[in-house]
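Visitor: Chain by chain, the residues run as shown.
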Amino acid sequence: MCMAIPSRITAIDGDMATVECFGVSRVVSLMLLPEPAALGDYVIIQAGGFAMDKVDPADAAKTLAYMAEVLARTEAADGPA
Amino acid sequence: MTEGLPAEGCIDIGLSVADGRIASVDIRNHRNHAALVPLIGHSAEDGVRLLTRLYSVCRIAQGLAGAAAVEQAAGLRVGAIQDAARSTLLMAETVLEHASRAALDWPLLLGEPPDVAAVKILRAALADFHRDLYPDGDWMCPGGGRLMVDGKALAGRAMQAGRCLREAVFGGEAPLNPEAWQQWVAGGKTPAARLVAKLRADGLAGFGASLVTALPDLDSGTLDARLAADDGAFAARPDWLGSAHETGPLTRSSNHPLVAAILCEQGAGIEARIAARLVELDLTAQKMQDYLLGLCNDNGSMLTLVTGHGLGIVEAARGRLIHRVELQEGCLARYQILAPTEWNFHPAGALAQGLVGAPAGADPAYRARLLVAALDPCVATRVRVL
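Chains as they are written, first to last, in this note's numbering: chain A, 17 to 97; chain B, 2 to 387.
Just chain A, same shape as in the assembly (with noise of 0.2 Å):
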């Protein structure tokens, strides 16, 4: 529930950004964000595509880690396509 991995900003057109995470991209707004963003920084989205808040990148690294690996163990169990 409510799980929310940290994107990375690759693109900002005024309000909208696109952001990358584990090889998805989407656009979403950074209206909601209480600072300015800039490319390479690790926003949290929430359902509804609006980036939340910014996440330092030190804890970015840790919570993109932590879902590598469970990412590789799903991969892992799921076997070859």
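Don't take each hint at face value.
In silico DSS-like links for lysine-lysine, alpha-carbon gap of 30 Å or less [unchecked claim]: (1) B:K153 x A:K70; (2) B:K121 x B:K199; (3) B:K121 x B:K153; (4) B:K288 x B:K190; (5) B:K288 x B:K153; (6) B:K121 x A:K78; (7) B:K121 x A:K70; (8) B:K190 x B:K121; (9) B:K121 x B:K288.
Source of the hints: derived by calculation from the structure; they are not laboratory data.
Using the hints, position chain B against chain A.
Guide: Frame of chain A, contents of chain B only:
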């Protein structure tokens, strides 16, 4: 991971239409149920802290359910002081979540711009409410964190949030009885009121009514045994005594006079769900202010390295959230979460039963999205007509 899906997972809802009605609903939940496996081996305290980073949208509910589960496993009881502070944190999160639906999601359903300014104010007041209660950031610590109450700052946050709710969500005082509700809808001052007015104009106020019953109090022994024996199927598609159930604002507020009156007239459709969320929003904001008056400082209790298992149950904004842990000498040996979205978006649950047989109209996907928004899932959803 399924290609093209966000790592957080999502719910795919497929509709088929026949003879002007929604004939079937196919709900596929792509949530990653392996997400908790890497917690194994972490200390209980680190594991719960990690959870709040991973499940950061409802992190207060997740952190407190985790702490409660660890405490039960350890046979540790936190005192009334910590309980009151935790309840206050949970209320702040519920207010923020409900108000965000009203200010962000509901305008979009009307074709109006979201009220970004209001949500920014609410987030500034409520998203880090814990800082003025637990300055060390250890609010989720099993046994209780170091509680150092900044009453003045908390009162300021609550006042700011209350003012914003009155302006952006209610357009004045919350309408808590049927007569006030009718006037509020007719006045149309806020997106919430205009959404109900539009639902009525489109004949959709009672759309999606289902007969799915409220999730009852769950016998903890039975619940623990079912989770202990679960291979993942129960947590993904939960039932209780063979039946699907609903959990959330509607089931919690169904006895409130306004909600009960709407339920009596229209059943458990979209208007009843909107009313229940708004009633809960207002009452929770008031209760939070009351709780602030009674908070005091505390140092929490130390957790010892124990072996055992326990359940943590909290009423999160979206419904009942259940965590179960197994501890081995203070480290996590197993972690399970049973979340409200899995009850409400069960293949035989409130969404499915509310949609099957309902009039499809010209845009059945929009109608389904209205009901999805009213049920408020915690993950992204995609609706398509098959």
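Visitor: Compare the distance between the alpha carbons of K288 of chain B and K153 of chain B with 30 Å, and conclude whether the hinted pair is satisfied.
Guide: Within the cut-off at roughly 17 Å; holds.
Visitor: Checking one constraint from the list: CA of K121 of chain B to CA of K288 of chain B, max 30 Å. Satisfied?
Guide: Since the Cα atoms of K121 of chain B and K288 of chain B sit roughly 22 Å apart, the hinted pair holds (cutoff 30 Å).
Visitor: For the pair supplied as a hint, K121 of chain B and K70 of chain A, is the alpha-carbon distance within the 30 Å limit?
Guide: Distance ~14 Å between K121 of chain B and K70 of chain A Cα, so the pair holds.
Visitor: Sort out whether K70 of chain A lies within 30 Å of K153 of chain B, counting only the CA atoms.
Guide: Holds - the C-alpha atoms of K70 of chain A and K153 of chain B are around 27 Å apart, at most 30 Å.
Visitor: Next pair to validate is K121 of chain B with K199 of chain B; report whether the Cα-Cα distance is within 30 Å.
Guide: OK: K121 of chain B and K199 of chain B at ~26 Å, within 30 Å.
Visitor: Do the alpha carbons of K190 of chain B and K121 of chain B lie within 30 Å of each other, as the hint requires?
Guide: The hint holds at about 20 Å.
Visitor: Quick one, are K121 of chain B and K153 of chain B close enough, alpha carbons at most 30 Å?
Guide: holds (21 Å)
Visitor: K288 of chain B and K190 of chain B were given as a pair; does the straight-line alpha-carbon distance stay at or below 30 Å?
Guide: holds (25 Å)
Visitor: Run the distance test for K121 of chain B versus K78 of chain A: straight-line Cα separation, threshold 30 Å.
Guide: holds (27 Å)
When held up to the earlier numbered hints, the structure conflicts with none and fits them all.
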